[in-house]
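Peer 1: Build out the structure end to end from the sequences listed, making use of the hints.
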Amino acid sequence: MERYYPVAIVTLVGGLVVFGMALTVSRLHAKTRILAPLMTGDPHLERAVRAHLNTVEWIPVFLPSMWLFAIYWSVAWAAALGTLWLLGRIIYFVGYLSDPGKRFPGFFIQSAAAFALLLGALGRIIYLAV
Numbered sequence: 001m002e003r004y005y006p007v008a009i010v011t012l013v014g015g016l017v018v019f020g021m022a023l024t025v026s027r028l029h030a031k032t033r034i035l036a037p038l039m040t041g042d043p044h045l046e047r048a049v050r051a052h053l054n055t056v057e058w059i060p061v062f063l064p065s066m067w068l069f070a071i072y073w074s075v076a077w078a079a080a081l082g083t084l085w086l087l088g089r090i091i092y093f094v095g096y097l098s099d100p101g102k103r104f105p106g107f108f109i110q111s112a113a114a115f116a117l118l119l120g121a122l123g124r125i126i127y128l129a130v
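Following my numbering, the numbering of the sequence shown begins with 1 at its first residue and continues without gaps.
Simulated from the structure, these hints should not be mistaken for lab results.
Cβ coordinates follow ideal geometry from the N, Cα and C atoms, glycine included.
A couple of the hints might just be wrong.
[Unchecked claim] Computed spacing ranges between beta-carbons, pair by pair:
(1) 8 x 98: 28 to 36 Å
(2) 34 x 128: 20 to 28 Å
(3) 37 x 3: 41 to 49 Å
(4) 32 x 56: 18 to 26 Å
(5) 105 x 126: 14 to 22 Å
(6) 98 x 126: 38 to 46 Å
(7) 30 x 108: 31 to 39 Å
(8) 87 x 50: 16 to 24 Å
(9) 102 x 76: 45 to 53 Å
(10) 98 x 77: 29 to 37 Å
(11) 15 x 94: 49 to 57 Å
(12) 44 x 13: 20 to 28 Å
(13) 60 x 108: 15 to 23 Å
Peer 2: This is the structure in structure tokens:
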């Protein structure tokens with residue numbers, strides 16, 4: 001199990017990143033006095049909610065892909081690509097909060113990392129199965 005420590009750490013840091021985004025949304029709810037379940041009325045709050053939810057939407061693609069990549073291909077590369085995904089999501093979140101047009105660099109980084117993990121794991125599994 002020790003060999004998977006790097007991927008386990010990236011997984012847990014990912015949880016912290018998503019939690020941090022949720023805290024940002026929570027703070028903006030309090031600051032704007034737009035309390036849950038309301039999500040609209042302030043553009044900054046709406047962007048934070050959308051950026052957080054978009055990250056949550058990517059988790060089912062990212063996590064299984066990273067773990068399967070680690071199992072069937074390389075733990076080091078899985079952890080590196082997972083770290084890149086996290087950095088991309090942070091850049092996306094910060095960019096989206098400042099201006100919706102600034103979210104694209106982070107989106108590109110994270111989507112490239114996610115698809116490298118997804119296609120790498122899928123390709124290796126198919127290769128080994130055939």
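Peer 1: None of the hints should be skipped; say for each whether it holds.
Peer 2: Right, here's what the structure says about each hint:
Restraint check, residue 8 to residue 98: a C-beta distance of roughly 32 Å satisfies the suggested window 28 to 36 Å. The beta-carbon spacing between residue 34 and residue 128, approximately 51 Å, falls outside the hinted interval of 20 to 28 Å. Our hint of 41 to 49 Å for residue 37 and residue 3 holds, since their Cβ atoms are close to 44 Å apart. Taking the beta carbon of each, residue 32 and residue 56 are about 21 Å apart, inside 18 to 26 Å as hinted.
Range check, residue 105 to residue 126: about 32 Å between beta-carbon atoms, so the 14 to 22 Å window is missed. Remark: the range hint 38 to 46 Å for residue 98 to residue 126 is upheld by a beta-carbon distance near 41 Å. For residue 30 paired with residue 108, a C-beta distance near 32 Å keeps the hint of 31 to 39 Å intact. Taking 16 to 24 Å as the suggested C-beta distance range, the pair residue 87 and residue 50 conforms, at roughly 20 Å.
Taking the beta carbon of each, residue 102 and residue 76 are about 31 Å apart, not inside 45 to 53 Å as hinted. Checking the proposed 29 to 37 Å range against residue 98 and residue 77 shows it holds: the Cβ atoms sit about 32 Å from each other. The given range of 49 to 57 Å is broken by residue 15 and residue 94, whose C-beta atoms sit roughly 19 Å from each other. Our hint of 20 to 28 Å for residue 44 and residue 13 holds, since their Cβ atoms are close to 26 Å apart.
The given range of 15 to 23 Å is respected by residue 60 and residue 108, whose C-beta atoms sit roughly 20 Å from each other.
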